[in-house]
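Working from the sequences, and respecting the hints, build out all of it.
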Amino acid sequence: MIIRILLIVGLAATAWLVFLRRKRLPVHIVMVTGLLVTASAAVVFPDLTQAVAEFVGVGRGSDLVTYLSIVAVMFVLVHYYTKFVEQQEKITQLTRELAILRAELELAGRLPVPAPDAQHAPDAPDAPDAKDAKDAQDAKDARDAAKPAAAS
Amino acid sequence: MDPLRRDTRVVIAAFNEGKVIRNVVSEVVRDGWSVILVDDGSRDNTAAEARAGGAVVLRHVVNLGQGAALQTGIDCALRQGAKYIVTFDADGQHNYADIPALIAALEDADIALGSRFLGSVEGATQRRMAMLRAAVMMSNRLSGLRLTDAHCGLRAMRAEVAPKLRITQDRMAHASELLRKIHTGGLRVVEVPVTVRYTAHSMAKGQTGFQAVRILFDYFFRP
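Chain order of the listed sequences is S and L.
Taking my numbering, the leading residue of the first sequence gets 1, the next gets one more, and so forth.
Taking my numbering, the leading residue of the second sequence gets 1, the next gets one more, and so forth.
Hints are not guaranteed to be accurate.
Stated by the list, open to error - With a straight-line cut-off of 25 Å between C-alpha atoms, the simulated DMTMM-like cross-links for lysine to aspartate or glutamate are:
no., chain 1, residue 1, chain 2, residue 2
1, L, Lys181, S, Glu97
2, S, Lys90, L, Asp218
3, L, Lys181, S, Glu106
4, L, Lys181, S, Glu86
5, S, Lys83, S, Glu106
6, L, Lys83, S, Glu104
7, L, Lys83, S, Glu97
8, L, Lys164, L, Glu27
9, L, Lys164, S, Glu106
10, S, Lys83, L, Asp218
11, L, Lys83, S, Glu106
12, L, Lys164, L, Asp108
13, L, Lys164, S, Glu86
To be verified - Selected chain S positions facing chain L (in silico; Cβ < 7 Å):
no., residue
14, Lys90
15, Thr92
16, Thr95
17, Ile100
18, Ala103
19, Leu105
20, Ala108
Unchecked claim - A few chain L positions that, by computed beta-carbon distances, are all more than 10 Å from chain S:
no., residue
21, Arg51
22, Thr72
23, Arg141
No wet-lab data here; the hints were simulated from the structure.
C-beta atoms are modelled at their ideal positions from N, C-alpha and C, and glycine is treated no differently.
Here it is in structure tokens:
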């Protein structure tokens, strides 16, 4: 059957990807190999799943596979959500440290305080009104005035 | 400078508040307070305007949320050796004249929370008030405290208790988190009447009912 070939190819591709990442721990490789071998066995000998399903009390083999898949997907989702939250905490810590460090360096005179319009991103959502334009011009004048001093 | 003002840092978290932040900051600075402003990755000129108003500006290079910004400001205040830390909203809804009363309340408390229901509210719609009252009920249920107001951004705390009140909720659920930590940490809390003045600007920036769902999600599903 064509479906068997497709499934086996898919599993083999997964195995290939797993073993490409050589930095994985041996226990990961053993677990993934075990899973892939079990899955291949189920593809080649579908009656196996039927036997296991009857043993654990599920009517059909394909139902058993569905239930197990759903649990596996939920596990993976929670795992990655946890990772995601941890990642965000790290970004927060990094951003915080950077913000405080910069301000401390600026206060100590070790970093120049940004020019008034340096943080005006070009994609600022609201169009500058007349006052903003004047402020920007003032700031530019101030910087131009400061330039020769900085160059010397 | 009097010792109270010397030992206090007013922490303001701001995101895209370029239009109003200079006024908000300069009012507080003119009253003699040191302001630490955390620009939470704004896309406008918030940082420059706050600097012009006289604040020390910390800048998050990416937007993290109000909770994260406040904690950054609190960390900075602690590093500067502050004894009292005040949090203040960036949108101009608070009055700097309420700050001394909040700090005075720390005489026999660890943290003083502003209460607009003990004080007064200007410019709020009926709908807004109803939503706030619902939030107070909900928040008392969640935190185990009995307060007249929830989530008023104007507070003062002693520096010693700041580590116990570390904000880990980056976004808006930090207010509920704070109350829960006050309760579990067994801290002494008082409420102080404050005046909150809603303007068209602060109403536009304020929380909507839909965002409450997001806050509850954060509160329950983010450790």
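- Message: So, against the hints stated earlier in the document, which numbers end up violated here?
- Response: 3, 5, 8, 9, 14, 19, 20, 21, 22
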